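K.L.:
Residue-level listing of the chains:
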Amino acid sequence: MNVEETDLPGLGRRKDFMTASGRRIGVVELREGQTELFVSAWDDPDTCQASIPLTGDEAATLGNLLGGQHLAMKLTEAHREVPGIVTRQFSITAGSPFQNQPMGKACIRTRCGVSIVAIMREGEVVPSPGPDVVLHSGDLLVAVGTQEGLDTAADILRNG
Amino acid sequence: MDELALTLIELGAVVFSLGLLARLAGRIGMSPIPLYLVGGLFFGAGGLMKLEGIQSFAHLSGEIGVILLLLMLGLEYSASELVTGMHRSWKGGVLDLVLNFLPGAALAVMLGWGPVGAMVMGGITYISSSGIAAKVITDLGRIGNRETPVILSILVFEDLAMAMYLPILTATLAGISFLEGLLTVGISLAVVTVVLAVALRHGHRVSQAVHSENSEVFLLNLLGAALLVAGLASALQVSAAVGAFLLGIAISGATAHSATRILEPLRDLFAAIFFVAFGLNTDPASIPPVLGWAVVLAVVTAATKMVTGVWAAKRAGIARRGRFRTGAALIARGEFSIVIAGLAVASGAASSELAALATAYVLLMAILGPLAARYVEPVLQKFSRPAAPDAVPA
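Protein chains in written order, with our numbering: chain R, 813 to 972; chain C, -17 to 376.
Calculated from the structure, these hints are not laboratory results.
Fair warning: this is a prediction, and the values are worked out from it, not measured in the lab.
Incorrect hints may appear among the rest.
To be verified - Okay, the calculated beta carbon distance ranges per label pair:
1) S949/R with T175/C: 49 to 57 Å
2) R5/C with G916/R: 54 to 62 Å
3) V91/C with A832/R: 23 to 31 Å
4) T888/R with G8/C: 34 to 42 Å
Unchecked claim - Covered stretches of chain R, as calculated for chain C (at least 3 residues, CB under 8 Å):
5) 836 to 847
6) 879 to 888
7) 894 to 907
Claimed, not checked - One side only, chain C facing chain R, incomplete, derived with CB under 8 Å:
8) Y59
9) E63
10) V65
11) H69
12) K73
13) A116
14) R128
15) T130
16) P131
17) L134
Even glycine gets a Cβ: it sits at the ideal position worked out from N, Cα and C.
With the hints as extra help, turn the sequences into a complete structure.
P.N.:
As structure tokens, then:
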């Protein structure tokens, strides 16, 4: 992917790329540390149809959602041969009982046979996380297991 | 009432009404600068209410306001941004200079203000308001637009041109002989070059010298350094404002960002007083006679900025609508035009007519600029067939 980087003197730095559908999508990293997400208009690729200011948390969450979706799709593809195995994503929200706790505390594999194969965090992937990885709000867990197992895991993560 | 009490009451009343004006400006989404100027006209010589007690305070505060305006302009850009901006956009920058300096200079010659007047008026019509342009870009959600770097690099070029122009202006205004003038200009060009070179290599050292974790110490360091450098520059006849601008360029990185944050409220206060002080010294009765010329100049220089923007954006591969947005964003003139006019008036080399014309012109352009930026596209769509660039802003 060809990401174009442009300096905006006095404001910050713009990074964007052209999608296959002809829209320019990108972010502007402002000097003060905020991020601005923008999408170009369909009839005029020079201008922005939407320009949305994001906080650091919001930008990280959006990165996880997009990256997690991609990862989950790949995993689903890989598990298609095995009947009964499903991939699902769980997000750790603020106020979750396991926020700021090591993942092992939830005992997900022991209790419902579900494996957490990756954590998406601030746009980066933590592959096969160990039980001592501490969960943060905004993390997206990519889990693999049976349908029932995953339902139980969702319940555990929500209610402890 | 004793003198101190009267001064305090007058000052309080002025600052308080500035607050009201700034709020009004925010409400209707315009730059507060024209309102400050009108406020100054209202309170000053020949205005509805004459304030005597705060003249000397307003004068010194206005000077500090100019120093802070230029210091913050320097902080905005790092030396490397200035140099790359210069490389990237020097053609557009030169076109901008020629097209927008000439109308002001020509009018000054026509009105019989001589070469000094031409030098001043040219500067006033040349320099766009980077403050208003940046605000328009942010407010209209155009930060991600493809033409935005084009606009910004022209503004960067203008600011560098300011660093060269102000010392020349100071020398011209001081009325020194041609040879002495050449010497002063030589000195200032050398100083500007040296500071840029030093800022590129050793900017972090300058930053370290003023930086402090304690915001109080940091503020005093910054302000002290700015006033010292400005005073020294002024003693060398390089212009106080340019001294502050160069200090701003030399301070870089994280220090520059926190300096901006710390100085902002101080700049807002002193710059507001500077605009008011400029208005205070202008007799409102002197404006109507020059209003016609101000309108002519406004129309012509709106068109010349439009041409500049369209040309520069076209070279950068921007489509038609983006080109007109570029031109429109550059139309606003503001703080730096008043800084130039203020220098001219303070030196006594410029007529009171010039001050009146500059006031009327900036009033028009500071209002017209943001409106043009906002409505250029709807207007363009109405005249959907390719229109001549000059037809849009008028």
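K.L.:
For the restraint on R128/C, tell me whether the closest CB of chain R is nearer than 8 Å.
P.N.:
holds (4 Å)
K.L.:
Evaluate the given range 49 to 57 Å for the C-beta pair formed by S949/R and T175/C.
P.N.:
Roughly 52 Å apart at Cβ, these two residues keep to the hinted range, so it holds.
K.L.:
Between V91/C and A832/R, does the beta-carbon spacing fit 23 to 31 Å?
P.N.:
violated (58 Å)
K.L.:
Was the hint right that V65/C lines chain R, CB cutoff 8 Å?
P.N.:
violated (11 Å)
K.L.:
State whether the coverage of the segment 894 to 907 of chain R by chain C holds or is violated, taking the criterion as 3 or more residues with Cβ-Cβ distances under 8 Å.
P.N.:
n = 0 at 8 Å, threshold three: violated.
K.L.:
Can T130/C be said to touch chain R, with a Cβ gap under 8 Å?
P.N.:
Given a least distance of 6 Å, the restraint on T130/C holds.
K.L.:
Could you tell me whether the CB distance from R5/C to G916/R stays inside 54 to 62 Å?
P.N.:
Taking Cβ atoms as reference, R5/C and G916/R lie about 56 Å apart, which means the hint holds.
K.L.:
Per the CB criterion, is E63/C less than 8 Å away from chain R?
P.N.:
Holds: closest Cβ of chain R sits about 4 Å from E63/C, inside 8 Å.
K.L.:
Let's test the interface hint: is any C-beta of chain R closer than 8 Å to that of A116/C?
P.N.:
Result: holds, 7 Å to nearest chain R Cβ.
K.L.:
Go through the hint on H69/C and say holds or violated, using the shortest Cβ distance to chain R against 8 Å.
P.N.:
violated (12 Å)
K.L.:
Should the hint that Y59/C touches chain R count as held when the rule is a Cβ pair under 8 Å?
P.N.:
holds (5 Å)
K.L.:
Is the interface hint for L134/C satisfied, with its Cβ closer than 8 Å to some Cβ of chain R?
P.N.:
holds (5 Å)
In terms of the numbered hints stated before, the structure departs from hints 3, 4, 6, 7, 10, 11, 12, listed from lowest to highest.
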